[in-house]
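Q: As a plain string of letters, each chain reads:
2 protein chains.
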Amino acid sequence: MPLPAPDTATDITELARRARAASRVVARSSAQTREAALRAIAAAVRAGADEILAANAEDVAAATERGLASAMVDRLRLTPTRLDGVARAIEEVAAQPDLIGRLERAERRPNGLEIARMRIPLGVIAIVYESRPNVTTDAAALCLKSGNAVILRGGSEALRSNAALGRAVAAGLEAAGLPAAAVQVVPTPDREAVRAMLQLDELIDLVIPRGGEGLIRFVAEHSRIPVIKHYKGVCHVYVHAAADLDMALAICENAKVQRPGVCNAVETILVDRAVAPAFVPRLCARLAGDGVELRGDATVCALGGDAVIAATDADWDAEYLDLIVAVRVVDDLDTALRHIEAHGSDHTESIVTGDPAAAERFLHEVGSSTVMVNASTRFADGGELGLGAEIGISTTRLHAYGPMGAEGLTTTKFIVRGTGQIRP
Amino acid sequence: MPLPAPDTATDITELARRARAASRVVARSSAQTREAALRAIAAAVRAGADEILAANAEDVAAATERGLASAMVDRLRLTPTRLDGVARAIEEVAAQPDLIGRLERAERRPNGLEIARMRIPLGVIAIVYESRPNVTTDAAALCLKSGNAVILRGGSEALRSNAALGRAVAAGLEAAGLPAAAVQVVPTPDREAVRAMLQLDELIDLVIPRGGEGLIRFVAEHSRIPVIKHYKGVCHVYVHAAADLDMALAICENAKVQRPGVCNAVETILVDRAVAPAFVPRLCARLAGDGVELRGDATVCALGGDAVIAATDADWDAEYLDLIVAVRVVDDLDTALRHIEAHGSDHTESIVTGDPAAAERFLHEVGSSTVMVNASTRFADGGELGLGAEIGISTTRLHAYGPMGAEGLTTTKFIVRGTGQIRP
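In order, the protein sequences belong to chains A and B. Under my numbering, the first residue of the first sequence is numbered 1, with each subsequent residue one higher. Under my numbering, the first residue of the second sequence is numbered 1, with each subsequent residue one higher.
Same shape as in the complex, but just chain A:
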């Protein structure tokens, strides 16, 4: 059943209070109950497919009528196949091992105290996101799996789709005996509701904004609640002097072309001067053949031929999210490290090299949240790194750094078992 529309700060506060109360119930629920709830939610999504697809069709029609860009409309659209993917993603999270209550780092102190850490949920998570409706269920599933309550505030263009998905989630929760308020979809497009929500640091423990840089900056600037975020991904591949050039070519191509619109796609390729004459012409020919626009420094322009246009200073900081790449020749590993330090976004960088010493220096000295050797930057993803589903990526170092899965939605408390110890 849909919750009453919160038109004011009072309403959103009331919604957050319900979330806080529900979070205590979820935190104390058993792993079996949470898994059963997730499976019931997946079943409710399948059972409610007609209703969800009808609501989505209304959103898509309204967005098309308003002239939303076709790429955005495509992100918004659900199909029977995509909806099946939504349900399967929930079932995959259900099947993950449960973390809550797990004891870690047990230790016996000289005075006999038994110390351990017990993994516990964060409490109430708010997710603020844009058009893709699958975020509604993906985020709900991860938050529930990790014992949290969640408040979901999607984009206004997906309001009907998110509400319909929210009803399926509520039905699944209630079927498993958990409170429907454990997952609440904010049922208003009112931006003031978001602003009011971001003040509720006593009721909400963490906000995760997902979407464009504008949305993320809005959340970061207005929030009194801790925010986990990344603004952008200016990812680098550095082709070292000792690189296998065939491997480097395959990695550069994959990192740029396989899915150019995402944050872990490469935006700048650094080529060591030692291999530039051999590598740059092949790189430019290959990427131009893929339809990529190349923007190079003077050396790259000279070596790459007509395919390359001259880069400006702005190109070294650009997140294109498109079939465009900046290419620069660097003198050596140190120069590459300095370029990344000056222009990187702490997201993902990869070195291609056959020299173990160079690889180790790169792994140690690059401070980014994911650092790779001989692999495509496209692997910087919670699923690919073995975290299960991903709730977001953090490029700030507090709490989580890099891709973040269910464990990132938890913390630990200290557990102490004594036999009457007092402090001398």
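Keep in mind the hints are simulated off the structure, nothing from the lab. Misleading hints may appear alongside valid ones.
A pair counts as met if it fits within one copy or between any two copies, since identical chains are not told apart.
Taking lysine to aspartate or glutamate and the DMTMM-like style, the derived pairs with C-alpha atoms no more than 20 Å apart in a straight line are [said to hold, decoys possible]:
hint	residue 1	residue 2
1	K413	D246
2	K413	E341
3	K229	D317
4	K232	D11
5	K232	E130
6	K232	E114
7	K413	E390
8	K232	E213
9	K229	D201
10	K229	D381
11	K413	D381
12	K229	E114
13	K229	E319
Dock chain B against the given chain A, drawing on the hints supplied.
A: Quick look at chain B alone, frame taken from chain A:
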């Protein structure tokens, strides 16, 4: 050599920029270099004892003249013995195992990628604290050990002491070949400098305020930088129906009396109704004999005799930090859990019981950062819990929860080693 006084936001920004640059050098230094620097700092503190004690004597004289409370003057005062303790504390941190560069949770993915997490420093830490000058070196040591740079802003009453200690730290850093700017003492009592510093979220990664609730609220309210903090410790001991009453008596006394002025001292004792007639009279007699003022509910007043005065509602939320304790009789474990949920501060709670099922419920259901069975709350301390020295205690769940040592000043990045993998 002392740094120029930053009287304005420009100066504090410049100081933070130097810290950021120094943090990169410290992050890349070897564990051996950091350990050598800490030992050199301890040696410089010993060698500079006369200068440090003279500076401290000036601070103490000025504080006494200004009429600072004698307890505060005592916290400010350094003696040869205390200064030796300062040096030894640095040497203890030097001897701790080094965390930086450590690989954790290594895993091989089905596609052959080798994934691990590498422990890295946070970057630049700011510590804002009050009178005790030993925080200057304790915090500097932990931040350096964990590969960070640190900005130290102590209380105005300790300005000369902290500057003298800062000179010893700088000498030790330089002796080990590390930049003196890795540890900077803000050399001005100007509160505007703190306010300006708290805006520098691009240059400072974490702020830790240590001191009274007023200081902590000032920092939390003005900071754009993440803050790790606890406002207060309203710690509970719950004497369960199945408690060993002799053990309960010893734990309650120790938790209140051994050091009443600290945040892990007990402030409210909950007594199960089943044992109240047997326990409350003994508790009141024992604590009254220790000079503790008892504030009880009606049952406690009836059972405890003249030693008890009637508690008001405010007593259940009070952090006395003194020889005062609130005592309440509760019906059962559920009532105790509800009392703690309503009045606790997420710091530390302990149950005294011989019933394993009650102990497990308490450990699982109390959400505080440290939860104990049959032990004094006074063990909620980084040293006692095996973390080595403690940089602070967090009662919010992001990043760290509970006592926090050197590891709390670090995070991990993802390390990926491939052999040319690209994403299909």
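Q: Can you give the numbers of the hints that this structure goes against, from lowest to highest?
A: 1, 4, 6, 12
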